[in-house]
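*Asks:* Spelled out from the first residue to the last, the chains are:
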Amino acid sequence: GEDVEQSLFLSVREGDSSVINCTYTDSSSTYLYWYKQEPGAGLQLLTYIFSNMDMKQDQRLTVLLNKKDKHLSLRIADTQTGDSAIYFCAEKNNFNKFYFGSGTKLNVKP
Amino acid sequence: DVKVTQSSRYLVKRTGEKVFLECVQDMDHENMFWYRQDPGLGLRLIYFSYDVKMKEKGDIPEGYSVSREKKERFSLILESASTNQTSMYLCASNSRGYEQYFGPGTRLTVT
Chain A
1 GEDVEQSLFL SVREGDSSVI NCTYTDSSST YLYWYKQEPG AGLQLLTYIF
51 SNMDMKQDQR LTVLLNKKDK HLSLRIADTQ TGDSAIYFCA EKNNFNKFYF
101 GSGTKLNVKP
Chain B
1 DVKVTQSSRY LVKRTGEKVF LECVQDMDHE NMFWYRQDPG LGLRLIYFSY
51 DVKMKEKGDI PEGYSVSREK KERFSLILES ASTNQTSMYL CASNSRGYEQ
101 YFGPGTRLTV T
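Chains as they are written, first to last, in the numbering used here: chain A, 1 to 110; chain B, 1 to 111.
Since the hints were derived computationally from the structure, they do not count as laboratory data. Hints are supplied without guarantee of correctness; some may be wrong.
Which chain B residues face chain A? A few, computed with CB under 10 angstroms, are given here [unchecked claim]:
id : residue
1  : Y50
2  : D59
3  : Q100
4  : G103
Okay, derived cross-link-like pairs now, SDA-like style, lysine to any residue, Cα gap no bigger than 20 angstroms in a straight line [claimed, not checked]:
id : chain 1 : residue 1 : chain 2 : residue 2
5  : B       : K53       : A       : F95
6  : A       : K68       : A       : Y48
7  : A       : K36       : B       : Y101
A virtual CB, placed ideally from N, CA and C, is assigned to each residue, including glycine.
Let's have the full structure, built from the sequences with the hints guiding it.
*Replies:* This is the structure we're talking about:
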């Protein structure tokens, strides 16, 4: 399958901004996603971006897409302890197949 | 509110047992998926189905089979469970839309 890579851990202080990065290899990606997984739960869609966009903002969340470098990032402004979770980057190709990264565990220190 | 449910949150089985994991969605979605989630490996696709009685292998189908007799239900079957199948299993569904909806997961331990 296609490769989607993320770093495994990120630790920030409450109130700071968090930036989670992701790289992918599939040039036929149609949509790219960020999912959040809280302990003991399934994945919940946070936000998504269509592959012909380069930025999307939704309240505290900003998604940046650099299609040339196949790089996606998620910025969380004013990070709160409730944002502590695992964040998955994912891409969907033209065949409705989804590829997920390994997940980045975000730890927010009070 | 959209809903994907999985039959068990936690399951403990013995090596060699036949295991059934059930997933039901109430959104009339055509597509359903089974993933396993392991630390550091993210989600890996086992099987998916794009219609009743249709199935496609994902990236790691070995040791698994699936059944989709009704549109709302997608079952994952471990014919003879092994310890390396201890994992979190996640079911998801979607339509032609952009998003997959996930169930809460089943944590399976094989001893």
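*Asks:* Does each hint fit the structure? Answer for all of them.
*Replies:* Hint check results:
Because the closest C-beta pair between B/Y50 and chain A is about 7 angstroms apart, less than 10 angstroms, the hint holds. Taking 10 angstroms as the C-beta cut-off, the interface hint given for B/D59 holds, the closest approach to chain A being about 5 angstroms. Interface hint at B/Q100: satisfied, since its Cβ lies 6 angstroms from the closest Cβ of chain A, which is below the 10 angstroms cut-off. For B/G103, the suggested interface contact is upheld, since its CB lies about 5 angstroms from the closest CB of chain A, less than 10 angstroms.
For the hint linking B/K53 to A/F95, the alpha-carbon distance of about 19 angstroms falls within 20 angstroms, and the restraint holds. Between the alpha carbons of A/K68 and A/Y48 the distance comes to roughly 18 angstroms, so the proposed pair stays at or under 20 angstroms and holds. At roughly 12 angstroms between alpha-carbon atoms, A/K36 and B/Y101 fall within 20 angstroms of each other, so this suggested pair holds.
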